[in-house]
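**Q** Chain by chain, the residues run as shown.
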Amino acid sequence: MTDRTTLLVDPAPTPTTPRRRGGRWFSRDLLGVVPFFLFVAVFLVIPTLVVVIGSFGGTGGGVTLDNLAALGDDYIVDAFLRSIALSAVTAMLGAIFGALLAYAVVTGRPDGVVRRAVTAACGVLAQFGGVTLAFAFIATLGLSGFVTVFLRDQVGIDIYSGGVWLFDLPGLVLVYTYFQIPLMVIVFLPALDGIRPQWREAAESLGGSTWYYWRRVAGPLLAPAFLGATLLLFANAFSAYATAAALVSQGSPIVPLQIRSALTSEVILGRENIGKAMALGMVVVVAVVMWLYAVLQRRTSRWLD
Amino acid sequence: MNSVAVRLEGLSRRFGAVQALDGLDLDLAPGELVALLGPSGCGKTTALRILAGLEDADSGRIMVGGKDVANVPANRRDMGMVFQAYSLFPHLTALENVEFGLRLRRQAAAARRARAHEMLELVGIGAHATRYPQQLSGGQQQRVALARALAIQPQVLLLDEPLSALDAKVRVQLRDEIRRIQLEVGTTTLFVTHDQEEALALADRVGVMRAGRLEQIGPPEDVYRSPATPFVADFVGLSNRLPGRVGDGIVEVLGARLPLVAGTDVPDGPATALVRPESVDVTADPDGAGRVLAASFLGPMARITVALPGDTLVVAQVASARLADLPPETAVRVDLRPVPVVVSGDRSETADPRTHSGAEL
Amino acid sequence: MAGLVRRRVRRQRILRWVVVTVLGVFFLLPLFAMLEFTTRGAGGTLTAETWRTFFDWRQLGETYPVLWAGMKASFGLVILSVLLTLLLLVPTVVWVRLRLPRLRRTVEFICLLPLTIPAIVLVVGLAPVYAWVVYFVGGSSLTLTFAYTILALPFAYRAIDAGLSAIDVRTLTEAARGLGAGWATVMWRVVLPNMRSAVLSAAFITVALVLGEFTIASLLNRQNLQVAIDQLGKSSATMSIAVSLAALVLAFVLLLLLSFAGRGLRRRQREGSAS
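Protein sequences appear in the order of chains A, B and C. When we follow this note's numbering, the leftmost residue of the first sequence carries the number 21, and every step to the right adds one. When we follow this note's numbering, the leftmost residue of the second sequence carries the number 841, and every step to the right adds one. When we follow this note's numbering, the leftmost residue of the third sequence carries the number 32, and every step to the right adds one.
You can take every hint at face value.
If you want the ones that stay clear, here's a sample from chain B, every Cβ over 10 Å from chain C, calculated: (1) Pro870; (2) Gly979; (3) Asp1074; (4) Ile1090.
Partial selection, computed: residues in chain B whose CB lies under 8 Å from chain C: (5) Leu894; (6) Glu895; (7) Pro913.
Hints were generated in silico from the structure; no laboratory data involved. For each residue, glycine too, the CB sits at the ideal point set by N, CA and C.
Assemble the whole structure, with the sequences as input and the hints as a guide.
**A** Here it is in structure tokens:
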């Protein structure tokens, strides 16, 4: 790593031209960001517009509210409810166990093996594709999976006596938790790091027990971060597609899978834009959740940075 | 006030390979403010934290008010503690922070509030009671921390370098405030710092620590004027290290015969004398053996570095008005006042007096 | 001696190990099950047949052409996406920081937008856009790069933004410009070398994202690793599970290495600046 000063080589000083100060809207500097904005316009803004405008588009090309009205259909409402339930349950499970794991990790040495291994593992599991996770669970709990076979042969329990639940909502809950917990660890760990040891020591010296410290100091301080992280987990589960797509081949219990069927199956006449309406519905739900998350984040960073 | 006596006996603590405390003995009389002074790593903070109950000692006794508190957890020791920084609870206002200990003790809301306001007034920050810590400056935060610690009427007040994170000017201001408040409230106080000026200004007694042991403890004047060891002489204030010769109960330095500090145990022969700059007089003299090398203007005083034959350098402290008579290259005569000096038998410790650690005047 | 504090520290350590172990078992179980699944031989024996095929590249390509195509596509996509993301994002973010601070909020909002627009929603709107892409550039799976760059924006942006904040880019560039450096020199020789760990971090997040992406590739009918694994699952469960396990382990090792590399870089930077 070279010393910074030796990087500034240019020996001949160039005369500095007087720069036009202040933000003129059409300054030449704007040219520098044109590629970025152009790219984003084509691949992000336009698709979003397609979804939004398409939701209001009728078969003939006119503006209609039929698609939005169709969102009130039983099977779509059910799908939304199930998506919300799935996201809420896995968000809470992930939040509780993830917070526990994050707390366990943060009490150890910041440079220790445990912390580094756990953080790396969580990084992988939180980001990595749903297909591999789905197959991992098929290998574990599938009809001929390791645990299924073990329980059947060694312990005499047939976990599928009541039906194969792995490829339906209960299975999704279990598999989603597998990436929700690591995501919680990643998102919540910085907040835990922000808790200064002096606070605990001050609370102790003032006479507070451990329980009192958690109830009156650490609890209130971590609450916004915890809630925010739970919301993030909710949005994450709600948006997830790949895991469900790989596990569920029959039926479309949740909204992303409904969108899949809208895109890939035969289009019912007059309802091509249902998929777009559902997509818009999803965006609204996720946007609300993310906005709440942002509000809570501001509170957290005020206290714990 | 319920001030008590504190006694630390034979306190030892080891962290891995480092012996942080090595049989420390320390007594605090009721209502006394003792400052523990020393470089980082000398064990002063460890001693304070053991007294607070935030650390365990390996061996030794901790007596507060005559009772052994080793088995008492930190939250029952009834001590108020002020940390170096970051100790205020960020989600509570200044007032709520101060109320924290009182709320814990289930005091009624009205009494709590009144007491909290009283404490905030005492530390001079009553107007900011409803502010949050992030809205307060460093000095203001430490005032709130002090109010919070005193609100519970602790038996002992513990201050862990409370001024080290503050600006120089705020430090001096707050330092006087702390002393005023401590005298008013009368709590037995242990104050830890690495700034010798702070310790000298604040304390009833100053304890100089090094490598887990107390080198000297006594009133500030004693520690300054009669340092027991070269380390103390060096750490507290500036010292010139001048070559000299011990004999007949005095030491001969730069042609002057100076008395030795009581209790000096150095054999006759060559030695190093530690002479304070204010004991060195510099007078312009065309026949003088010395030559002015450099001068620093420090406001009311000035420090002049004089080069003497034999590669010796001496730093003298004079009234700054005299600077005009002593520009660089002036020939000068150096006289030493007949004040007792500390002598070290180790000749190798002679060094450039300008680079000593110690006071920042 | 009382040792009250030590007792609490010990209790915390026990809790730490219990929690990590219990959850560790939960997380390692599927990985172990995958290993067990892929080594099942006839009549309860262990066999390395699947793995032998996996590590034999040529045979793999012949027996599972779909998988091989998916791997190649993903490999190309990783490289292209990382390049495009970095080339697009780094100059833009730095430029905005230095010359267009008023646009910073806007750029930040745009970069975080993909977090609110799930891939499943994005792909619905991407279909018509990709019709044009096919018209101009062809229908190869590598065109997924454009969509992947969008997906990577939030994570890459956060990494690069944090890196820029850490090095106080404004002061550095002013110092460089004051000494007479042109903008190219400033970017190439002052800003970028100090951002190595942030750029590396952004690159790795993009890699993880591209390797794990399924939604857009699948619904746009293109080929990539995850799509291939999914298709393979219908015909050969064992091999698909083997590939999944290998991909997971590889990603974990890469991340671990990156955490070591990041620490080494930061340490060298600290030492360098302290000299």
